[in-house]
Amino acid sequence: MFSDELKKISWQETTERIASMTANDVRRALSKSHCDINDFMAMLSPAAEPYLEEMARLSRKYTEERFGKTMSMFIPLYITNSCSNSCVYCGFHVQNPMARTILTPEQIEDEYKAIKQLAPFENILLVTGENPAKAGTPYLAKAIDIAKKYFSNIKIEVMPLSTEDYRTLAQHGMNGVICFQETYNREHYNIYHPRGMKSKFEWRCDGFDRMGMAGVHSIGMGVLIGLEKDWRTDVTMMTYHLRYLQKHYWRTKYSVNFPRMRPAQNEGFHPNCYMSDRELAQATFAMRIFDHDVDISYSTREPAFIRDNMATLGVTTMSAESKVNPGGYHTYPQALEQFSVSDERTAKEIDRRLREIGREPVWKDWDASFDLFNPLKKKA
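Under this note's numbering, read the sequence shown as residues 77 to 456, first letter to last.
Please keep in mind that the hints were generated in silico from the structure rather than gathered at the bench. Some hints here could point you the wrong way.
To be verified - Lysine-lysine pairs mimicking DSS-like chemistry, simulated, CA-CA at most 25 Å apart: (1) 224 x 210; (2) 440 x 329; (3) 305 x 276; (4) 108 x 145; (5) 424 x 189; (6) 225 x 440; (7) 424 x 440; (8) 83 x 305; (9) 276 x 210; (10) 108 x 329; (11) 424 x 192; (12) 218 x 192; (13) 323 x 84; (14) 189 x 224; (15) 424 x 145; (16) 329 x 224; (17) 440 x 145; (18) 323 x 108; (19) 192 x 440; (20) 329 x 137; (21) 224 x 192.
Said to hold, decoys possible - Using C-beta positions, here's what the derived DEER-type ranges look like: (22) 432 x 276: 41 to 51 Å; (23) 278 x 108: 26 to 36 Å; (24) 96 x 319: 18 to 28 Å.
The model shown is predicted, which means the values in this text are computed figures rather than measured ones. Beta carbons: idealized from backbone N, C-alpha and C, even for Gly.
Using the sequences and the accompanying hints, generate a full structural model.
See the structure below:
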């Protein structure tokens with residue numbers, strides 16, 4: 077399990093190693109066709125800041141070689157904000173005085189129908205708070221069953237599950253799982269996650285192993301930028317995790333995300349650092365140069381001008397017209413959001429802008445017929 081491997085990697089030594097990188101280290105990394113994690117740390121370091129233009133050119137080159145000029149589009153649907161955790165930064169905090177909603181199957185289907193009116197979405201991400209007693213695997217399985225009538229690619233972003241639960245949901249038609257470790261700093265983890273299942277560091281960290289063992293087709297990962305002062309260290313730890321997963325579960329496709337903290341209904345938490353736009357670009361370029369095949373995703377947390385610029389330089393997946401409150405597309409459009417979005421353009425406006433800058437929006441990149449070759453799929 078990766079939590080055991082992580083014990084072998086010193087947070088402090090990694091932080092110092094990144095800070096000690098020089099211009100020579102950066103130039104050496106940029107000269108290589110295949111980089112290791114030491115090269116990644118060099119490209120992520122302050123020493124790489126004068127080389128951003130060169131990094132941008134390489135990032136664009138590798139992105140177009142692997143993905144062409146396409147942009148995969150998806151939309152999230154929050155189906156419940158019921159949560160038993162006490163994450164200090166989250167609008168769904170269990171002690172936050174807000175109306176809690178668990179959409180019924182009928183309401184979920186209404187949301188699917190409303191989404192299909194926005195744009196030809198085929199990729200949907202089902203999102204929940206963490207309340208396994210009321211919105212556990214059976215609830216998710218029902219939501220996925222209904223989703224199959226409307227969408228070709230169904231992913232979930234929910235509480236970490238057991239290997240068997242992931243297998244069960246894959247058999248129902250789930251194609252992928254997204255889970256943010258939030259931070260890899262074990263020492264500080266419980267400061268941000270004091271109570272609830274999310275307070276169990278190993279259970280969350282090793283959830284990715286359980287996804288891999290279940291044969292999940294696509295795994296998405298990320299750290300929440302703003303929790304830790306040393307965001308570069310956190311991103312590097314995620315990169316160690318990515319390489320570990322690719323080695324052990326090589327049949328799986330991987331994606332990464334660098335979500336920067338946005339204002340939420342729970343306003344009591346102030347980020348420990350702020351990643352600038354240039355630093356976000358640097359992290360994106362470094363990841364693309366380090367791994368030519370990994371999918372890099374930007375959500376509507378980021379403003380339109382950032383997403384437009386990065387669409388040609390390394391990003392390969394984007395959400396559009398996102399509502400981050402349960403039932404936000406039809407049932408409860410005025411409900412409180414988990415966080416505030418920055419890019420408030422419609423899906424059609426984003427589609428038009430992507431085409432203007434030479435990118436082809438892809439609304440469907442998975443087909444139900446692929447499930448015929450899924451060894452986890454039960455035979456009729």
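Structure-based check of each hint:
1. 224 x 210: Holds, at roughly 22 Å.
2. 440 x 329: Holds, at roughly 16 Å.
3. 305 x 276: With Cα atoms ~21 Å apart, residue 305 and residue 276 stay inside 25 Å; holds.
4. 108 x 145: 24 Å, holds
5. 424 x 189: 17 Å, holds
6. 225 x 440: With Cα atoms ~14 Å apart, residue 225 and residue 440 stay inside 25 Å; holds.
7. 424 x 440: This hinted pair holds, its Cα atoms lying about 15 Å apart.
8. 83 x 305: 20 Å, holds
9. 276 x 210: Roughly 20 Å between the alpha carbons, so the hint for residue 276 and residue 210 holds.
10. 108 x 329: Cα-Cα ~24 Å, so holds.
11. 424 x 192: 12 Å, holds
12. 218 x 192: 19 Å, holds
13. 323 x 84: Holds - the C-alpha atoms of residue 84 and residue 323 are around 17 Å apart, at most 25 Å.
14. 189 x 224: With a Cα-Cα distance of about 12 Å, the restraint between residue 189 and residue 224 holds, given a limit of 25 Å.
15. 424 x 145: 18 Å, holds
16. 329 x 224: 21 Å, holds
17. 440 x 145: Holds: residue 440 and residue 145 sit about 15 Å apart, inside 25 Å.
18. 323 x 108: Holds - the C-alpha atoms of residue 108 and residue 323 are around 21 Å apart, at most 25 Å.
19. 192 x 440: Cα-Cα ~13 Å, so holds.
20. 329 x 137: Distance ~21 Å between residue 329 and residue 137 Cα, so the pair holds.
21. 224 x 192: 13 Å, holds
22. 432 x 276: 41 to 51 Å: Check passed, 46 Å falls within 41 to 51 Å.
23. 278 x 108: 26 to 36 Å: 34 Å, holds
24. 96 x 319: 18 to 28 Å: 21 Å, holds
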